[in-house]
Amino acid sequence: MEVNEIVQSKAERGFKYALLAPAVIWIIGLTFFPILAAVRYSFANYVLGEGITAYVGLANYARVLTDGAFWYSIFITLIFVVVTVPIEVCVGFVLAWIITIGVPGSKVFRPILTAPLFTMEVAIGYLGVTLFTDQGGLYSSILAALGIHIDWLSTASGGLAAAMILDIWIWTPFVFLMSLATLAAIPKDIFDAAMLEASSHWQVFRHVAIPLAWPVLSIAILLRLLEGFKSFGLPYALTSGGPGTSTQLFSVMADLTTIQFTDFGRGSAMGIVYLIMVSIVITFFFKQMRKRMN
Amino acid sequence: MDNLLWRNSKWASKLVAMVIVCLALCWVAIPFLWAIVNSIKSHSAIFRTGAFIPFLQFTPTLDPWKEVLGDPQTLNCLFSSTLVGVGTTVLVLLIGTPAAYSLARFEFKRMKSKDITLWFLTQRVLPPVVVLSPFYILLAELGLIDTWTGLILLYSTFNLAFCVVIMRDIFRDVSKEVEEAARMEGASLWQIFWMIALPLSLDGLIVTAFIVFAFCWNEALFASAVTSQHAATMPTLILASRSTRGVDFNSAAVNTILAIAPPVILSFFVQRYLARGLSFGAVKG
Amino acid sequence: MSQDHSKNEFEKLSAGYLAGRISRRHFIGQAAKLGISAALLSRIVSFKASAAESNLLDSSPDYPNEAPITKERVEFLKTKPYKGQTINILVLKATVGDGLKYWVPKWEEETGGKVNVAEVPIDTLHQQIFSDLQTTHRYDAYMTGAWFYGDFFVPKEPYIIEVAPYLKDPKYPYWTPDDWIPAMRTLYSWQGKVYGVLFDGDCQILYYRRDVFDKPENQQKFKDKVGYDFPNPPKTTKQMYDVANFYTGWDWNGDGQNDWGIALHAKVNEQGFFHFLTLAAPYVCSPNNKYFWFNPETMKPLINSEGHQRALEDYVKYLACGPKEAISWTLGQGWNLFLAGQAVMEPTWGDLPTFAQDPKESKVRGKVGCTIIPGTTEAYDPIKGQWDKFDLNSCGNVNGGTWHCVISRFSKKKDPTYDFLAFMATKKNAIYNCTHGFTGVQPGMKFEYFPPVGTGKVEEWVEQGWDADEAKRYLDGYYQNLSLPVQESYLRIPGAAEYWHELDVRLSAVLAGQTQPKAALDDCSQSWERITERYGRDKQKKLYAESFA
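Line by line, the protein sequences are chains X, C and R.
Note that my numbering has the first sequence beginning at 1, numbered continuously upward.
Note that my numbering has the second sequence beginning at 1001, numbered continuously upward.
Note that my numbering has the third sequence beginning at 2001, numbered continuously upward.
Zero decoy hints are in this set.
Stretch by stretch, here's where chain R covers chain C in the computed footprint (C-beta under 8 Å, at least three residues):
1) 1038-1047
2) 1220-1229
3) 1243-1252
Where chain X lies over chain C, by a calculated footprint (3+ residues, C-beta under 8 Å):
4) 1013-1024
5) 1087-1101
6) 1122-1134
7) 1145-1157
Simulated from the structure, these hints should not be mistaken for lab results.
Backbone N, C-alpha and C fix where the C-beta goes; we use that ideal spot for every residue, glycine too.
So here's chain X without its partners, still in its complex pose (with noise of 0.2 Å):
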């Protein structure tokens, strides 16, 4: 491990306390009370108009933990992430690896694929209605041309898989900017001379690009599981969970919970249990890739 060192002087010390307390004190001093306040809710039984009702000790959590919907949106969800995540970061990356090696007409190619990712969820969810509804719907219109009927927003596999086409549309030209950036920030001459061996650029994706961009990807998985999990404008706004709640992600029921039925105590226990679930996987995830650097 490379650490970056100067002489540690008391001046010094005085410093760099100076330079990194601003921010830890923004962080701390803004969300100690907000998340004191969450857990604080969590133990309680929360009326509207009445405030905090009764102190109910766990059983906000027992509920939630025995709450089907509970596991069945975080089942939703992680089938959500595990299907959109892999897909944008392949797409992602083939097309960063195709615009990296000079296909004529990059310099164009390059912002339209990035403009995905700058619209908003909840707009595109709307226009996703207007895309996968059987009534004059773009895409289904397209499929029915080709003799394909899909019946996307009426069941649940058609919901999930709808707002998953989408998720990837919005999301891949994220990993395609990290990818592009990585790719361009090894060394021409690795390429060049493995570019002598190979007989096409595949053969040199395959065996150099990827793991020398490793690294990268695997923090743009990270990056991308942690945004996924809280996936919420799209999946509300395309199918609002429906039918039934069988496309109902865990954002999309914890704000249900906590905003349109203010029922703060439940909602806090969900977004708590959540908040240690994944924190588990994330700390997991980073030793893992430490070591696959290693």
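We have chain X already, so just place chains C and R on it with the hints.
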């Protein structure tokens, strides 16, 4: 990264590459085009089968555009979004960059700077909806409901992590020799930071600025909860497409296009910097 | 003793009537029961009438925006009473919000005051209202949906104020709650006191293609296929199903495509469940039973009663008479099917006939028939647990948002706020609102209807582009529904949105074939029990009882 890889490849693999790119371009462009088509449709045309090409298959109308642009709140929202985005970005850079430099250059006794960085990252794990109500109450106590200041405060808290994590790795890449040379000349720590490290990492600053701006631009949940009028942002306008008569898909499309335009146009300009910067948070782990 | 008791009762009754808390009909009815003489009654009634209306002018040339208008009001306005004051109103961004914004410049000009209207998405309206009521108090009035009412009355002192004191004061714009059709008045009141100022008046009735129904060939085909004379329009649920089923699957409108018997939409979180509430009402509500939601004694849910179950089983059959994808449709998509001429019936809101008038949006202008929701020959009494037979049990409803404004208890500008709200409620403006489709306002006041019920003029509708006969049919059907003696009760207790959502997702699951009606309703009942526990059973019971008036 160019010609050798391309020049020496078989034409078949070049063809495959081109096909993939073309497919990707179509895939990306279609929803945008569809949004434009939707924005000039009347309500009944939105769900009519076979209404794809304007003039040929349906009568386009500018009513949705007139309605949206005629509402003064639309311009207010665009303005709010921009102001809040810029304000947050500036504040985040002001607070986060020094912290990032400190984590990049120095070691801390009780915790490894890597772990401190990890702590910043975990700020992004909690689903925001869980802390929505406490944050609302906090802003209400401070009298900042429906104000730009309130939103900036909120968004800065959420995005500080990105700045710290990304800028830390950028600073680690900045040449230490230059800094050491300056040290020899008797420059103070502060002067080194301000006059050497920062200018050399300008690319990274621009990238971070862009990411933070993009996240603020698209944030819908908190914006719609803590603002009602004065500081309302574009995402609230999009959320408001759903009303008592169901979803207004054509005005939603108009708002979608309006809301996408500024960041997309910006991104055309900042492309290079954006690509480089996004990876820096990762390469050094 | 009993005479004293009657005297006390009568005094209370008179006080309530004169204060405007009790409608004239109620007063007369109750007083008659107490044995009060007709002479005395008529004296009191005419006293009240004259007190309020002696100074009432049909209109004033100086202030053309209000009609009728009191002399005191004319004098009051001359002083530009609210000059320098700004009131803040929170509304939802929707047609009803636009309807309110329309009146702002007119009121400002008349009174000198200013109105600041903030529009928020419907998804955040509830949160915005109650956050403001609990913490920031930045708004003087809120546009509320009727189902929020329960939440307003949770604290000891309700969050909103009643309007009775203002009604008595002649210097405010003139309108009277007595003009309401009683079913609609309920949604603006709580425990007999009026809290809301007139705006919208929603309900769902059955709209159908009268041109298709009237065709003799279709009627004959129906008789041949189904075995009895075509019911034009259907009056019972069985008839409605037979008609819907008959018209499904063949091309009766000549467009080359097979058409449908019924248009519905059932996407989650898109108000689709109102269709079920509307159609299910006559299975459970009857002259013998008014409870649709909970048992008033135990506060246990009634949603999984046999009546509700049968209603859901039939509801599933109705959906089968429409496109399969309808379960994922938004509200507009359901309307679209009818407006495009491809469905022969739709039970829904007054927006449908309004849209039907626009040739750009619809193919069915002039072809829309309107009637009350079909009734049943057998209704289940969930309290007693038995089926009762009827010749025809029809049940009305006030389903929908019935959006209107209520005044915050914390407002420091209650007077100008009420003034603005009442301004929109004067006869002239109320009629404007309901004839102009862009407001999304439906008629809830008797005078908005045509004679003999009210004083509305068909010309006003025709001016707005309505087909004259269609306007008459629409108002006829609407009025019939609102006047039915048996009405489905509207859920107005805290957590109404959550109760409804739990029902909504289960309805959707049944329609998608993911679960069966009985299991879904039992499950719904359990989740409702949990909600009730959270809010506190006794409190919910109390508020449930209060919500009926």
